[in-house]
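*Asks:* Take a look at the letters that make up each chain.
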Amino acid sequence: MEPALSSYNFKFVGGEQNVYLFESRLACEYEIKFKPSGYLVSDADLEEYIFELVITLSINPFEPSLPAADGLLAPTIAQIVADFLNSHERVVVYICDDSDSRADARRKLFDGWFRRFSKKRYVKIELSLGQDENGQDFTAELVARFDNLLVPRIYESFLKAISAAK
Amino acid sequence: MNTEIILPDQEELDRRKLAFAKEWMKRKRQEQQQMIEDAKTNPAIIAAREELKRQNKERGTCIIKL
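Top line first, the protein sequences correspond to chains A and B.
Position one of the first sequence corresponds to residue 1 (our numbering), numbered consecutively onward.
Position one of the second sequence corresponds to residue 167 (our numbering), numbered consecutively onward.
Hints listed in this document are in silico derivations from the structure and should not be mistaken for laboratory results.
Small disclaimer: the values here were computed from a predicted structure and weren't measured.
One thing to keep in mind: the hints can contain errors.
Just a few of them, taken from the derived set where beta-carbon distance is under 7 Å, the chain A residues facing chain B [as the list claims (entries may be wrong)]:
1) Ser6
2) Ser7
3) Tyr8
4) Val13
5) Leu26
6) Glu47
7) Val54
8) Thr56
9) Ser58
10) Pro61
11) Asp98
12) Glu133
13) Phe138
14) Leu142
15) Leu159
Quick reminder that beta carbons are idealized off the backbone N, C-alpha and C, glycines included.
Chain B with its partners taken away, still in its complex shape:
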């Protein structure tokens, strides 16, 4: 049995790539907005922030040498 695979042409591939990128970027922007909200309301993030601040205060700096 012969099967023929029909591939989209370059113009169509470019259009799909761009559509994918736009949709992906839209989701990323929504995600970033949600993260800003979570920073104020998510108990796990608030607790982690307090712990990080405590550590940095104890060390006297928020910078670490690698």
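Bound-form chain A, shown alone:
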């Protein structure tokens, strides 16, 4: 039997960087923003469609420790991404590293949630960006609505921007 689908209540704050907020049952506050990031593509006409997702634990009552793992974070983030992608031509991109195992676990949770509940409506493209001298892996992910016809162009343009890096 599928577990009941739940998430945290969230609020859209708005602003140029499209900020959202939510509070967990452990009284931790998370801020999520979708930052306009035209520099991530090489074509000027696509700049307005690409947004970087940044997630932060902005208020942590457990400092200096991290809060316990929370199974509602992934579905809440997925709901917020879905809300932002209501404007169908937008593409969300984010970068992850494996610098802490908690970050990796969050990503796996998000990926699992995405596969189970969102894959019919959204596309997600993963791109490995390599490993640094400390053995840390970097991955970029692009998420967009399935009906977004700009995705192939944006992906190509994103690859070009990366290839042009110095």
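Knowing the structure of chain A, use the given hints to seat chain B on it.
*Replies:* Chain B in isolation, oriented as in the chain A frame:
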């Protein structure tokens, strides 16, 4: 007129990808620090937090069923 496009080799592409990732991650970390600061000082975020807390208190939970 013949034009020849010279593409960087794979090793050079890998180096550029990694350089791009490192710079991007550095910017993301700075952004996250700024967000922690904004949570304490930005009036729009503070007002939204109060409104969210009020809603959750009124509903008796911070969880919603999808």
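*Asks:* So which hints don't hold here, by number, going up?
*Replies:* 5, 6, 10, 11, 12, 14, 15
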